[in-house]
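Number of protein chains: 2
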Amino acid sequence: MTESPLHAALAAAAADVEKSLDRLLPAAIGPEGRLMEAMRYASLSGGKRLRPFLVLESAGIFDVKRVCALRAATAVECVHCYSLVHDDLPAMDDDDLRRGKPTVHKAFDEATAVLAGDALLTYAFELLAAPDTHDDPRVRLELVAVLAQASGPHGMVGGQMADLAAEAPDAEFDLGAVTRMQKMKTGALIQAAAEVGAILGKASPEARAALRGYAHDLGLAFQITDDLLDVEGRVEDTGKAVAKDAARGKATFVSILGVERARAQAERLIDQAIRHIAMFGSRADNLSALARYVIERKS
Amino acid sequence: MTESPLHAALAAAAADVEKSLDRLLPAAIGPEGRLMEAMRYASLSGGKRLRPFLVLESAGIFDVKRVCALRAATAVECVHCYSLVHDDLPAMDDDDLRRGKPTVHKAFDEATAVLAGDALLTYAFELLAAPDTHDDPRVRLELVAVLAQASGPHGMVGGQMADLAAEAPDAEFDLGAVTRMQKMKTGALIQAAAEVGAILGKASPEARAALRGYAHDLGLAFQITDDLLDVEGRVEDTGKAVAKDAARGKATFVSILGVERARAQAERLIDQAIRHIAMFGSRADNLSALARYVIERKS
Chain A
0 MTESPLHAAL
10 AAAAADVEKS
20 LDRLLPAAIG
30 PEGRLMEAMR
40 YASLSGGKRL
50 RPFLVLESAG
60 IFDVKRVCAL
70 RAATAVECVH
80 CYSLVHDDLP
90 AMDDDDLRRG
100 KPTVHKAFDE
110 ATAVLAGDAL
120 LTYAFELLAA
130 PDTHDDPRVR
140 LELVAVLAQA
150 SGPHGMVGGQ
160 MADLAAEAPD
170 AEFDLGAVTR
180 MQKMKTGALI
190 QAAAEVGAIL
200 GKASPEARAA
210 LRGYAHDLGL
220 AFQITDDLLD
230 VEGRVEDTGK
240 AVAKDAARGK
250 ATFVSILGVE
260 RARAQAERLI
270 DQAIRHIAMF
280 GSRADNLSAL
290 ARYVIERKS
Chain B
0 MTESPLHAAL
10 AAAAADVEKS
20 LDRLLPAAIG
30 PEGRLMEAMR
40 YASLSGGKRL
50 RPFLVLESAG
60 IFDVKRVCAL
70 RAATAVECVH
80 CYSLVHDDLP
90 AMDDDDLRRG
100 KPTVHKAFDE
110 ATAVLAGDAL
120 LTYAFELLAA
130 PDTHDDPRVR
140 LELVAVLAQA
150 SGPHGMVGGQ
160 MADLAAEAPD
170 AEFDLGAVTR
180 MQKMKTGALI
190 QAAAEVGAIL
200 GKASPEARAA
210 LRGYAHDLGL
220 AFQITDDLLD
230 VEGRVEDTGK
240 AVAKDAARGK
250 ATFVSILGVE
260 RARAQAERLI
270 DQAIRHIAMF
280 GSRADNLSAL
290 ARYVIERKS
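Sequence lines, in order, name chains A and B. Just so it is clear: in the first sequence, position 292 is 291 by numbering that gives the first Met the number 0, and no numbers are missing. Just so it is clear: in the second sequence, position 162 is 161 by numbering that gives the first Met the number 0, and no numbers are missing.
Wrong hints could be hidden among the right ones.
Any copy, or any two copies together, can satisfy a pair, since identical chains are not distinguished.
[Claimed, not checked] Taking lysine to any residue pairs in the SDA-like style, the calculated list, with each CA pair at most 20 Å apart, reads:
#1 Lys-105 with Met-91
#2 Lys-64 with Arg-22
#3 Lys-249 with Gly-29
#4 Lys-105 with Phe-279
#5 Lys-201 with Pro-136
Since the hints were made in silico from the structure, they are not lab data.
The following block holds chain A by itself, in its conformation from the complex:
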């Protein structure tokens, strides 16, 4: 990534989110202090902060106060981080490394990892429901509703279960099934992140739908690129073991479409994503640039 307005905005958002997490996550005190340490370890370890960035940028379109948008962005990131902690568990993906660091169950222990994930998820709703997030309780309630739907059995957790089913030796996942699974597993939360900004800004139904559409296409393109990186990526760039999916014989966009068609599909989705937000003009420049970056990234 070269120095650019997007680069600057991503870096500023990541720094703000890091500070916000540090400020908002509970301090490690008392006999349960290990839990808070693990919550902090799981979330204060950098990462792209893609979802908080979507919250902040979509909120920015509607001139939402940065402090409110940051709280909501932090809640969304807590949900994302919880999902990573649980996904990494030995019973799930059994990963030892995440962003080049030991995963939570490696740095702490399995019980603490289960509980830290639970706590991050619960704390996200606590954050959203608190008055500091928005003056209007109806707005806060809608944030809770959208985040819960995106993360629950019809969203992220359901997608994770479908993803495990896809690993079974007799699983038959065609393009439709893989697309549906990925929309649930990663797409739903990405979509919710963009929607959170619109909700905070009391956006019109049309504006909200435009951001939903943008994030829908962005999320799929993001996942296709992840699959491409899984095949092509080098371990130094991605910071995790590569070609894991291929080694498991698991159906992915790339295994079904092949590298070239998958890449073309990601590019089509990104063009479509950018068209969705044309209505916001230059206010959505960073979101457009993000869409292009998502399929060009190397990690």
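Please build the complex by placing chain B on the supplied structure of chain A, with the hints as guidance.
Using the frame of chain A, we list chain B on its own:
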């Protein structure tokens, strides 16, 4: 328990909650169907339904519509059931049986148990945030806030972490530490259950505080009785392995106070709990009877 108004009310509540869970929990469809099956297995397996009963009875004091109270009661029970699923995991208490049936990770597998717990927790907030729970969005938001606080790092999950810390060989848990841990681990959700009824009924601050006080004392007495049953209970009555805490050398109310003083303390708490709700007169008869039952139960 002999046939009594309490018995009838408990049985009716348990039946209603069972029906409500069955109606409200998502159906098992698609490649992620195993997740919904596990959510249902974890929650549709009976149990005392103490927390939903507290919601229903406290809501009843304020003439809350039964259908609204049942939705909120169902959400609270989802949180309770999620906590049991995760507590039973091999990395945690490593229990094979729950209510005489194989635990979720035994009946399904560990990954599914982790995800089913996650999904039940998330779904609880989805239920509370939906319009059917109460007409007033501010009420729904307050339900979310109270349930999240009670379940999160300063409540149930924090208590679970402190409980694990208490199992360490070098742990020094005195009466104060055990009381604090139990207030977080089991007390917070019990208290939230009674408070949910008050919130639904837009109760006065005094009435809400009375129900909080009642549930606070009830929760502690409930836990002390659990500790007593752990020492004295017979496996046929409790449906789980007994004397586990003692075998682990873990500090409990009974190990610190001894059987007689622990029992006396539970009785004092129950008297106090009943005094808290005297202001509601005969409307709180079931809650008073429940308090007495909690320390007389054999399982």
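Broken hints, numbered, in rising order?
4
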